Amino acid sequence: MKKTPDIQPTESAAPQEKELRHELPHVVNEIVKSYKKVKQLSYSSQYPIPSRESIIQALHDMNEILYPGYHGHQGVDESNLHFHIGEATHRVFEDLSIQISKSLRHECRSSNRLCDVCTGLGQEEAMKFLKKIPKLREMLAEDAQAIYDGDPAAKSIEEIIFSYPGFKAITVYRIAHELHVQGIPLLPRIMTEYAHAVTGIDIHPGAKIGRRFCIDHGTGVVIGETTEIGNNVKLYQGVTLGALSFPRDANGNLVRGKKRHPTIEDDVTIYAGATILGGETRIGKGAVIGGNAWLTTSVGPGTKVIIEAPKLRYKGAISAKDREHVGDFQI
Amino acid sequence: MKKTPDIQPTESAAPQEKELRHELPHVVNEIVKSYKKVKQLSYSSQYPIPSRESIIQALHDMNEILYPGYHGHQGVDESNLHFHIGEATHRVFEDLSIQISKSLRHECRSSNRLCDVCTGLGQEEAMKFLKKIPKLREMLAEDAQAIYDGDPAAKSIEEIIFSYPGFKAITVYRIAHELHVQGIPLLPRIMTEYAHAVTGIDIHPGAKIGRRFCIDHGTGVVIGETTEIGNNVKLYQGVTLGALSFPRDANGNLVRGKKRHPTIEDDVTIYAGATILGGETRIGKGAVIGGNAWLTTSVGPGTKVIIEAPKLRYKGAISAKDREHVGDFQI
Amino acid sequence: MKKTPDIQPTESAAPQEKELRHELPHVVNEIVKSYKKVKQLSYSSQYPIPSRESIIQALHDMNEILYPGYHGHQGVDESNLHFHIGEATHRVFEDLSIQISKSLRHECRSSNRLCDVCTGLGQEEAMKFLKKIPKLREMLAEDAQAIYDGDPAAKSIEEIIFSYPGFKAITVYRIAHELHVQGIPLLPRIMTEYAHAVTGIDIHPGAKIGRRFCIDHGTGVVIGETTEIGNNVKLYQGVTLGALSFPRDANGNLVRGKKRHPTIEDDVTIYAGATILGGETRIGKGAVIGGNAWLTTSVGPGTKVIIEAPKLRYKGAISAKDREHVGDFQI
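Residue numbers (the numbering used here), protein chains in the order written: chain A, 98 to 428; chain B, 98 to 428; chain C, 98 to 428.
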């Protein structure tokens, strides 16, 4: 904690304070002027944009509906369950309708006349989603069971629902994917990026993922937009299902929307740190991909792939003094 | 921003709205029915489950007690410290007692008669934990010092307490580990998975970790349930201390609770991205494991292990146009 | 869910409760005593320390100013924009002034007399920062455009501002870097570690980063304190720009503040998982570094570097029963 001897307390702070606050209107003017100059970071309010906070709140409410008694309200039992879930479902309906409308309106904002339709559409799509919840719960129950069956550190299904980041990421993905399938823009990606922030697991809502999906630990997992995954697939932390280089059109712009990410068939296990790339790459049913493998070509069904571990060099019994000079990296 | 020309604003939204809301009671019925069908995702309230929110709140209060003046209340000095910490300690005692009771009751919910005992046990275990806080502070002070001594980017101990994710993860781990040692189920894992979410560092509360433990950067670190780590050990980001394949019993079920993760002796440094696997794997005192190393066998004391870096292929002076075709991956 | 048959409900909980609460004053005494013994984890309140919560709040307010209409207030349009941004700017000025003062005072707390000066200095530095916002917005608009141009999964600039963790991390870094350049201690690091927690991307505020910077996915990225990055640089998840071993002085203490991290020139792309280490390492203009590459030496301009992918071993058509014994790792 060094001193800063060059600073002399010669003036009292009070007059300085006033002078500085007087500069604020000018500063604000400059900022507002910059909104005209740099337009692309501002959002006109004529068609209000979705609210990230409301979308996250809706995800919390959906958690309460999917896993009653676990989150939120704690005194839920047979006598009040119906009222409690009824209330939560109404809340999700209202909030989701509004956010879906805003997302749709955001995409069609070039036309002024569509606003009423967007409002109706928001409700329609929200209702369509709510009707899928019983099916979603069946899938998620299978996911939870698959995690339990595959992880000796898991002591109970409750522990998984409560605390497993892999299960949290799958829950949010399955919700977002259904909305993505319904054609809602923006909102599904906001949902999965929220899950990414909370779990370190980055699943694009466009990916297609089968039943009994299991991600263990999960930090650093990336699953790209056009990935297809079958049933009974298990991934560990740091797995990337990515793309090779991107095709561009005649003007040099990226071609968006093509299949760029791999296909993983049923019963595949992919260990930590493995990287599988390319839209033509297909991992056959029952294959096992070893940790840190790097694959850009297909693998047949039932195949086991492991990397030849990089050779290690050993240097025995180095002294404590020498440890400073080993040349390994630190940041 | 394409238009959606197929949508015709022929109807006003209002009647459509009403019709849709009328469907909600039916949707709620279907959801509640699904609770009967998919039981494993619901939680009966007869024995209320621990509250993740209360557990996280208790962690915040413990931070205030461990590091007075840093978090929460800012006007703490000698004159009010005692009152302030007294109040925080009472609060932790009450909250932790309840959450421990709920965790215990969760495990023994097959019997109706144990409820009063669980309440008493919750307070007993909470008190046992609180009495360990002075010892915990001694360990954590050594951890903070070890981080400062090993990181040239650290400008002060204060910076470490305030902002280092490694120190945050170690703090939560040390709290959770003590509760794990006391035999409390569920709660310790909820604590460490909270730390995992906030720091990207995944330490199972069952791991045993010695004094002056240091994790730098830390995103992607995974330390499994039966890992044992000595004193003065330093890890960098992306290090995995994991298990080889899991043994199963005669019925094909996982055997839970066996030693599956490595033992790291005193004074070991493990650089970023290294993977060390298996319950029989032991890294000897003073060893240095290089970045990205992959080890499934033991290493003697004082040994330095580095990987032979994978060979690089260079292709000089490629043009900007060619860069699109390099075949490297993107997602 | 095993029973705990060894616990006998022989006593009612009530008396036990009272007895345990009576121990609390003693426990509190022991904790307060430990503050005298383990001083380095406590913070004396004479010079109050910065508040992490207020700093995060200020970051949220700055987001509102940088990206009006996106976050916070939603009903912003031409008629109220000026008032709204004016209010937010005043709020940031007040909060940032206080937190900067506290950070400065923290560093010069050895002297009692500097307090008034710190207050004035806090306002001066906060004002200096606010005047940079229009320039910051220009840079951030270019960053957002660079992300859009390079990612086929990005559907609009709005999606990037709303949900891309790479863009969030860059925003916080650019704010923190300006305050770091102004010589403010502590506060910039608290900001970037907040971004690290939320995005998994760890950028030290001391790093120097040019225009049109792009990080995709980003989990696990680490950019060290003395890294220098040119314009048009793109990084993928898991890239480390780190240091080799640290020099120590004659007393064995770390030498702090030297250039330890690499220099990346303009137009460089670094794919996922690559590690580039050392203060003398320079990646030349237009170079492309392949995924998982490991570099501790410089690379000339326009060079493409890829690793020879580790050899894979394949074992065909293994049966489901055998999959348990593959020896790959799990945690």
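By construction, these hints were calculated from the structure, which means they are not laboratory data. Among the hints, erroneous ones may be present.
The list treats identical chains as one, so a pair stands whether inside a single copy or across any two.
Unchecked claim - Here are the computed lysine to any residue pairs in the SDA-like style, where the Cα-Cα straight-line distance is at most 20 angstroms:
no., residue 1, residue 2
1, Lys-232, Glu-127
2, Lys-356, Leu-341
3, Lys-355, Asp-246
4, Lys-136, Asp-246
5, Lys-412, Val-129
6, Lys-130, Arg-353
7, Lys-232, Glu-405
8, Lys-130, Thr-394
9, Lys-225, Glu-235
10, Lys-408, Leu-138
11, Lys-252, Arg-118
12, Lys-305, Phe-180
13, Lys-136, Asp-346
14, Lys-136, Gln-242
15, Lys-130, Val-278
16, Lys-228, Asn-350
Keep in mind it's a predicted model, so treat the numbers as computed, not measured.
Hints, one by one, checked against the model:
no., hint, in the structure
1, Lys-232 / Glu-127, "between (53 angstroms within a copy, 10 angstroms between copies)"
2, Lys-356 / Leu-341, "within (11 angstroms within a copy, 34 angstroms between copies)"
3, Lys-355 / Asp-246, "between (36 angstroms within a copy, 16 angstroms between copies)"
4, Lys-136 / Asp-246, "between (52 angstroms within a copy, 17 angstroms between copies)"
5, Lys-412 / Val-129, "neither (63 angstroms within a copy, 48 angstroms between copies)"
6, Lys-130 / Arg-353, "neither (34 angstroms within a copy, 42 angstroms between copies)"
7, Lys-232 / Glu-405, "neither (43 angstroms within a copy, 46 angstroms between copies)"
8, Lys-130 / Thr-394, "neither (53 angstroms within a copy, 46 angstroms between copies)"
9, Lys-225 / Glu-235, "within (17 angstroms within a copy, 42 angstroms between copies)"
10, Lys-408 / Leu-138, "neither (50 angstroms within a copy, 44 angstroms between copies)"
11, Lys-252 / Arg-118, "neither (59 angstroms within a copy, 32 angstroms between copies)"
12, Lys-305 / Phe-180, "neither (34 angstroms within a copy, 46 angstroms between copies)"
13, Lys-136 / Asp-346, "neither (27 angstroms within a copy, 52 angstroms between copies)"
14, Lys-136 / Gln-242, "between (49 angstroms within a copy, 12 angstroms between copies)"
15, Lys-130 / Val-278, "neither (41 angstroms within a copy, 25 angstroms between copies)"
16, Lys-228 / Asn-350, "neither (40 angstroms within a copy, 36 angstroms between copies)"
When held up to the earlier numbered hints, the structure conflicts with 5, 6, 7, 8, 10, 11, 12, 13, 15 and 16 and fits the remainder.
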